[in-house]
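Based on the sequences and whatever the hints tell you, model everything.
Going line by line, the protein sequences match chains A and B. Going by our numbering, the first sequence opens with residue 31, and the numbers climb by one from there. Going by our numbering, the second sequence opens with residue 68, and the numbers climb by one from there.
These aren't lab readings, by the way, just hints derived from the structure by calculation. Errors might be hidden in some of the hints.
As the list claims (entries may be wrong) - Derived DEER-like restraints, expressed as beta-carbon distance ranges: (1) B:TRP86 <-> A:GLY122: 24 to 32 Å; (2) A:GLY122 <-> B:ALA69: 43 to 51 Å; (3) A:CYS76 <-> B:LEU256: 26 to 34 Å.
Claimed, not checked - With a Cα cut of at most 35 Å, we get these calculated DSBU-like pairs of lysine-lysine: (4) B:LYS83 <-> A:LYS32; (5) B:LYS321 <-> A:LYS67; (6) B:LYS451 <-> A:LYS162.
If you're wondering where the values come from, they're calculated on a predicted model, not measured in any experiment. Glycine residues also receive a C-beta, built at the ideal position from the N, C-alpha and C atoms.
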Amino acid sequence: MKKTELLFLKEDVDIPYNWAAGRYGSLFLTRLRDEGKFIGNRCPSCGKVYLPPRVVCGPCFTPPEEIVELGDTGTLVSYSVVNYPFIDPETGSRRPIPYTLGYIRLDGCDTYLSHFVDETDPAKLTPGLRVKAVFRPREERTGRLQDVLHFKIVD
Amino acid sequence: MATKVAVVGIGMTENKSRWDLSLPGLYRLAYQRALEDCGLKSEDIDAVAFGHSPEYFEGVNHPEKWCGEAVGALNKPLFRVHTGGTVGGSVAIAAYYLVASGKFEVVLAISGNKLNETSSAQIGLSTVYDPIMGRQFAAGAPSAVAVQASKYYSQYGYNEDHGLMVAVKNRNNALKNPYAQLRIPDYTLEGARNTPMLCHPLRLADMCPTSDAACAMIFAAEHRVEAITDNPAWVLSAVAVNEGINYVDRDWSKPIGLRKAAELAYERAGIKDPRRELDVVEVYDAFSVQELIWYEGLKLCDWGEGGRLMESGATRMEGDIPVNPSGGTLCANSIGASAMFRKAEAALQVMGRAGEHQIPGVRRALGHGWGGGIQFHTIMIFGKDKP
Numbered sequence: 031m032k033k034t035e036l037l038f039l040k041e042d043v044d045i046p047y048n049w050a051a052g053r054y055g056s057l058f059l060t061r062l063r064d065e066g067k068f069i070g071n072r073c074p075s076c077g078k079v080y081l082p083p084r085v086v087c088g089p090c091f092t093p094p095e096e097i098v099e100l101g102d103t104g105t106l107v108s109y110s111v112v113n114y115p116f117i118d119p120e121t122g123s124r125r126p127i128p129y130t131l132g133y134i135r136l137d138g139c140d141t142y143l144s145h146f147v148d149e150t151d152p153a154k155l156t157p158g159l160r161v162k163a164v165f166r167p168r169e170e171r172t173g174r175l176q177d178v179l180h181f182k183i184v185d
Numbered sequence: 068m069a070t071k072v073a074v075v076g077i078g079m080t081e082n083k084s085r086w087d088l089s090l091p092g093l094y095r096l097a098y099q100r101a102l103e104d105c106g107l108k109s110e111d112i113d114a115v116a117f118g119h120s121p122e123y124f125e126g127v128n129h130p131e132k133w134c135g136e137a138v139g140a141l142n143k144p145l146f147r148v149h150t151g152g153t154v155g156g157s158v159a160i161a162a163y164y165l166v167a168s169g170k171f172e173v174v175l176a177i178s179g180n181k182l183n184e185t186s187s188a189q190i191g192l193s194t195v196y197d198p199i200m201g202r203q204f205a206a207g208a209p210s211a212v213a214v215q216a217s218k219y220y221s222q223y224g225y226n227e228d229h230g231l232m233v234a235v236k237n238r239n240n241a242l243k244n245p246y247a248q249l250r251i252p253d254y255t256l257e258g259a260r261n262t263p264m265l266c267h268p269l270r271l272a273d274m275c276p277t278s279d280a281a282c283a284m285i286f287a288a289e290h291r292v293e294a295i296t297d298n299p300a301w302v303l304s305a306v307a308v309n310e311g312i313n314y315v316d317r318d319w320s321k322p323i324g325l326r327k328a329a330e331l332a333y334e335r336a337g338i339k340d341p342r343r344e345l346d347v348v349e350v351y352d353a354f355s356v357q358e359l360i361w362y363e364g365l366k367l368c369d370w371g372e373g374g375r376l377m378e379s380g381a382t383r384m385e386g387d388i389p390v391n392p393s394g395g396t397l398c399a400n401s402i403g404a405s406a407m408f409r410k411a412e413a414a415l416q417v418m419g420r421a422g423e424h425q426i427p428g429v430r431r432a433l434g435h436g437w438g439g440g441i442q443f444h445t446i447m448i449f450g451k452d453k454p
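Below, the structure written as structure tokens:
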């Protein structure tokens, strides 16, 4: 049998989406935008505080209805310095590297927020460091998690 | 009382770039090989459990629509299961449940992916993050596992060499597995240390390759097994647990969901001391360091002892508890098939048919899978003796 010429077809797909942030998510993002403040929510059953706020406490399966205002300092729980060329699905273009992805536990809450940390030297990073949020100026804030520019190390 | 169930046939495709096969062609090949493995015909299969991980990889949604006939599911029940990287394990467990329920006698589990059809599997993997509260900062799967690695290394005083030791062990094991993709002769710790740091603390050597592959397993009810094969792998237990994602006080170095799955799996299989009673283990090590963390979750050692278990040599091919003699996910990762490969490899070890990487005298073997936000875990334990 004659050898088959193997073909493949190329297509680029671009589908815009609109994601609903929900009631708690919207409250969180508007307070972030308008006041430069973090809010979480507390489970009435176990007392744990969620940030970002969410619709249900997993272990208790109870809505954490109490809104809690949190400060802008916390602890770096863990991190990675990303150093490989990577296409950002948000923008479709390459994200500048190196950058540091951090998981931060803000003081007074029991879950983590992922964000950028402005230190890319692994020798200067370790779980447990104290960090503080750096907000964009009010006029640049649009109601997204990126209204916080990054977290800086304050140890 | 649930029906006793055994694996009677297994079909694998080689993990590599497959420009010669479409997605249905890839599934058909694995299915054909599973049928030939046990001498069944497609009409002997009562139902199909079908798996595939995020559709983003091939850009074709609802692949069970496209691939149904390629897996013999014409005028038969077909059930799609989806748990990300765990999917191959979840599909195998679903097929097991279908037979154990007594409603079906012979069921096919099949799962796969062609990761090479996208320009970047990592863009696809970034879309599994919450688009409002996290996707903005993540970089595919490596960044999440690097966060897990940073925590693990720092918490227990280990360093990146501990992950690289896993890479060296598994890459050398893969030389004996014709289905593995990364088969690199003379793979050394020194060489692994010199690979680029991609996502600190993970180097290229710590990461799995991008594969196209499918895997198929045929499960049969006790009363049908004998007529099909005299060398089945009996299912001793099958457990799936969702650990959750950003839950309160999460510690990535302590997989409590896996620990729960392991305890249930051992209890159901009557295993009290897994390190002694299991003869071989296949874990889903998409990244080297995870193998150490899964040792602990699976109770092969205590919390924090994974690095030391690796150092002891116990998990090498010739050790007392060999882990990933196939080379594991670190040497072949199509995502969709990978968690099933772990189960299929464990079943082949029990059957004594694992080829060059067969561990002598295996009577009980465990296959694991993880997926999602390092959150879904599946475990199947197979035995040579009927439970």
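A quick look at each hint next to the structure:
1. Between TRP86 (chain B) and GLY122 (chain A) the beta carbon distance is about 26 Å. The supplied range of 24 to 32 Å therefore holds.
2. A hinted range of 43 to 51 Å holds for the C-beta pair GLY122 (chain A) and ALA69 (chain B), which are about 50 Å apart.
3. Against the hinted window of 26 to 34 Å, the Cβ-Cβ separation of CYS76 (chain A) and LEU256 (chain B) comes to about 46 Å, which falls outside the hint.
4. Under the criterion of a C-alpha separation no larger than 35 Å, the hint pairing LYS83 (chain B) with LYS32 (chain A) is consistent with the structure, at around 24 Å.
5. With a C-alpha separation of about 32 Å, the suggested pair LYS321 (chain B) and LYS67 (chain A) falls inside the 35 Å cut-off, and the hint holds.
6. Under the criterion of a C-alpha separation no larger than 35 Å, the hint pairing LYS451 (chain B) with LYS162 (chain A) is inconsistent with the structure, at around 57 Å.
Hint check: violations occur at hints 3, 6; the rest are consistent with the structure.
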